[in-house]
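One letter stands for each residue in the lines below.
There are 2 protein chains.
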Amino acid sequence: MQDTADQNQETSLAMKFSISKDKLVEGVNHVMKAVSSRTTIPILTGIKINAGLDGITLTGSDSDVSIKAYIPLEEDDEEYVSIEKPGSIVLQARVFSDIVKKLPSDTVNIEADSRLITRITSGSSEFNLNGLDPEEYPRLPQIEEENIITIKTDLLKHLIRQTVFAVSTSETRPVLTGVNWNIQNGKLDCVATDSHRLASRSVAVESAENATYRNIVIPGKSLNELSKILDDNSGEAVSIVITESQILFKAKNLQFFSRLLDGNYPDTDRLIPNESKTDIVISTKGFLQAIDRASLLAKEERNNVVKFRTLSGEVEISSQSPELGRVFENVQAEEIKGEELKISFSAKYMMDALSKVDSQDIRISFTGAMRPFLIRPVGDDGILMLILPVRTY
Amino acid sequence: MQDTADQNQETSLAMKFSISKDKLVEGVNHVMKAVSSRTTIPILTGIKINAGLDGITLTGSDSDVSIKAYIPLEEDDEEYVSIEKPGSIVLQARVFSDIVKKLPSDTVNIEADSRLITRITSGSSEFNLNGLDPEEYPRLPQIEEENIITIKTDLLKHLIRQTVFAVSTSETRPVLTGVNWNIQNGKLDCVATDSHRLASRSVAVESAENATYRNIVIPGKSLNELSKILDDNSGEAVSIVITESQILFKAKNLQFFSRLLDGNYPDTDRLIPNESKTDIVISTKGFLQAIDRASLLAKEERNNVVKFRTLSGEVEISSQSPELGRVFENVQAEEIKGEELKISFSAKYMMDALSKVDSQDIRISFTGAMRPFLIRPVGDDGILMLILPVRTY
Chain A
78 MQDTADQNQE TSLAMKFSIS KDKLVEGVNH VMKAVSSRTT IPILTGIKIN
128 AGLDGITLTG SDSDVSIKAY IPLEEDDEEY VSIEKPGSIV LQARVFSDIV
178 KKLPSDTVNI EADSRLITRI TSGSSEFNLN GLDPEEYPRL PQIEEENIIT
228 IKTDLLKHLI RQTVFAVSTS ETRPVLTGVN WNIQNGKLDC VATDSHRLAS
278 RSVAVESAEN ATYRNIVIPG KSLNELSKIL DDNSGEAVSI VITESQILFK
328 AKNLQFFSRL LDGNYPDTDR LIPNESKTDI VISTKGFLQA IDRASLLAKE
378 ERNNVVKFRT LSGEVEISSQ SPELGRVFEN VQAEEIKGEE LKISFSAKYM
428 MDALSKVDSQ DIRISFTGAM RPFLIRPVGD DGILMLILPV RTY
Chain B
78 MQDTADQNQE TSLAMKFSIS KDKLVEGVNH VMKAVSSRTT IPILTGIKIN
128 AGLDGITLTG SDSDVSIKAY IPLEEDDEEY VSIEKPGSIV LQARVFSDIV
178 KKLPSDTVNI EADSRLITRI TSGSSEFNLN GLDPEEYPRL PQIEEENIIT
228 IKTDLLKHLI RQTVFAVSTS ETRPVLTGVN WNIQNGKLDC VATDSHRLAS
278 RSVAVESAEN ATYRNIVIPG KSLNELSKIL DDNSGEAVSI VITESQILFK
328 AKNLQFFSRL LDGNYPDTDR LIPNESKTDI VISTKGFLQA IDRASLLAKE
378 ERNNVVKFRT LSGEVEISSQ SPELGRVFEN VQAEEIKGEE LKISFSAKYM
428 MDALSKVDSQ DIRISFTGAM RPFLIRPVGD DGILMLILPV RTY
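Line by line, the protein sequences give chains A and B. Residue numbers 78 to 470, in our numbering, belong to the letters of the first sequence in order. Residue numbers 78 to 470, in our numbering, belong to the letters of the second sequence in order.
Check the hints yourself; a few may be wrong.
Just so you know, same-sequence chains aren't split out, so a pair can sit in one copy or run between any two.
25 Å max Cα-Cα, derived DMTMM-like pairs, lysine to aspartate or glutamate [what the hints assert, rightly or not]:
1) Lys-376 with Asp-308
2) Lys-98 with Asp-369
3) Lys-179 with Asp-435
4) Lys-362 with Asp-183
5) Lys-179 with Glu-400
6) Lys-327 with Asp-131
7) Lys-327 with Asp-139
8) Lys-100 with Asp-369
9) Lys-110 with Asp-369
10) Lys-414 with Glu-212
11) Lys-178 with Asp-231
12) Lys-425 with Asp-435
13) Lys-425 with Glu-203
14) Lys-162 with Glu-417
15) Lys-354 with Asp-175
16) Lys-425 with Asp-175
17) Lys-162 with Glu-221
18) Lys-384 with Glu-417
Everything labelled a hint here was simulated from the structure, so no lab data went into it.
Sequences are here, hints too, so could you generate the full structure?
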């Protein structure tokens, strides 16, 4: 009896629209970057679909990062979306994402009824998915759009790549798993360190005259995800809005929210040596490849340490493994100044740093075998990297 | 004192040659396919390098599969190898393979001394590796080259692809993890089955008039590796030599040895129904894609089963998951003959079979909902696939 009663209960249309399959796939791919299968909040396993009068908004979130993708009714004279009834639904992210990619036609029709049953049709294919209640989906933070900072997309991607690799992967000091941003006088300084190495970059940004932000720490994971969804070839700018606990990046048809990390980021300036005893200038690529080869015999030992020493006009890189054997390689230096030096360091840290540098040559400044040393691309003052040596000599 | 005595002991040159880096990398990549890191025989973690008067031979083996790659002194008027002293050495496969890929120059010099220390130089890079004794490396079986069977490379790759997917992955009946080959009257019949589905293909081969081989069972894993190292665009033929316990495939500059599986392969002919109650002809691609979509809601349940039924002029594919929802799709058939039918089967098995078919249409012949059914590409009599249904209707 209950069943019959249920079936007779009237179901009304809660949402209905049709959309370009390609645009839907693109939007779903973007918001999927924020969806985690390991979430403890069931509704966050879903993607929220909102059909508004001006287009479709998709939202994915793991509560640390939230991504909104917007598909307008039309753009560049192409029609992408046609709304028959505005409304919302939440659909299981994994299966919805798989389905839209495999639909047979260029157009997808989606309609949800008042019982949350969502009918997706495309060509002769018809899916009826059990939806989740959009009212249960958490609201994204309302961020006041004052004090917008603006930066070109490709510059933002570069500075993420050149700093985020140095964040800590250990939760011992959670604040070190993020990149520290400081903004003052139209300059953005980014620093990351895991306390064994450090990477920093400064760039000019557009901002209101007195816009000053200190101790903004953005999770490294968030920045990696942001970088992935930003269009590589976009000449456009990204707008950034910062609040006490959140940062919002706005690109074309995309909004990326990340929580900020609590805690005070350590003062890294005091780590940077201000004198140097041995200075070398060397080809970035030549040095990187020699380190890469030497590391092949250092991998088996857990620390992956190679030895480095200055010779006349060149440097020697070597490593050895009792089991495998030894490797030596001399690399011509452009310039060697100061004291002779023998030092050992992690090949991985050095390769991480060198692979982020676009300049042809790098300058490495040492202050003895036991002190941190600095790596700077020749001709680019905005980038500075630091590595702590390992005691072996 | 022992140390000093050792150091004064004379070491003599055991092997010396130089080789094109590209050719060495190619050869190493081929023989690495046979090297397993999980071997219990320490010498088999290495690659054997033999410098003969006519070129370099590399050997890799996991004792089930052995691969020999040969690099001649010269080919097509290009000089690839220069031998200064013939000899042999065995080097750790993983590290040697990593090293050769990353060497800086187009030429690689390799020399081993009587203590097995092997010096690899290229450009300014110098590796001294601890070698292993080549005398300890197992000898490959000597195979008498009578009764050679010949088959075109691309045909061999096709028939591997069209049968090997159906081998059993369970060791319950080891003989089913292989593909059964039978050769008679210039015809090669290949069959694989895991007892839930079957794939078979017959092709013409060149062989001596009376060459007859029965119950040859080649491990599926071996055939997969063989297929990977055979050149895709080679118009050349592969020579095949079969002995009681081994099979040898010879391609240009490559020899691939595999052991054969013991045991009697079951008679699969009796599985093939010789009558049919419902026959359909349908677009391979259209049917495959519809099954793929329907399987999206069947994945969560472990068996991945979809339902199929004949309608007037079309077939309906459907599946449902209590949690996710339902999917229906009708696909136009080219032809439907015989009784109406409702049947359920594994979407995975069907997709595995259909994705190996190059014909535009397939014919499926059913003999009722509980009996195995046959899939045959229209216009290609050499291929036959069989799937056992699942009881759900």
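Checked hints:
1. Lys-376 with Asp-308: Classified as neither: same-chain Cα gap 35 Å, cross-chain 33 Å, threshold 25 Å.
2. Lys-98 with Asp-369: between (44 Å within a copy, 17 Å between copies)
3. Lys-179 with Asp-435: Between. Shortest inter-copy distance 21 Å satisfies the 25 Å Cα cut-off; intra-copy 40 Å does not.
4. Lys-362 with Asp-183: For Lys-362 and Asp-183, only the inter-copy Cα distance (17 Å) is at most 25 Å; the intra-copy one is 46 Å.
5. Lys-179 with Glu-400: Answer is between; shortest inter-copy Cα gap is 20 Å, intra-copy 51 Å.
6. Lys-327 with Asp-131: This pair counts as within: shortest intra-copy Cα distance 18 Å, inter-copy 65 Å.
7. Lys-327 with Asp-139: within (18 Å within a copy, 54 Å between copies)
8. Lys-100 with Asp-369: between (42 Å within a copy, 22 Å between copies)
9. Lys-110 with Asp-369: between (32 Å within a copy, 24 Å between copies)
10. Lys-414 with Glu-212: neither (67 Å within a copy, 51 Å between copies)
11. Lys-178 with Asp-231: Neither. Shortest intra-copy (28 Å) and inter-copy (32 Å) distances fail the 25 Å Cα cut-off.
12. Lys-425 with Asp-435: Cα proximity of Lys-425 and Asp-435: one copy only (18 Å, versus 47 Å across).
13. Lys-425 with Glu-203: between (51 Å within a copy, 20 Å between copies)
14. Lys-162 with Glu-417: Answer is neither: 76 Å inside a copy and 41 Å across each miss the 25 Å cutoff.
15. Lys-354 with Asp-175: So Lys-354 and Asp-175 fail the 25 Å test inside a copy (58 Å) and across (36 Å) alike.
16. Lys-425 with Asp-175: between (37 Å within a copy, 16 Å between copies)
17. Lys-162 with Glu-221: neither (30 Å within a copy, 77 Å between copies)
18. Lys-384 with Glu-417: within (14 Å within a copy, 77 Å between copies)
Consistency note: the structure conflicts with the earlier hints numbered 1, 10, 11, 14, 15, 17.
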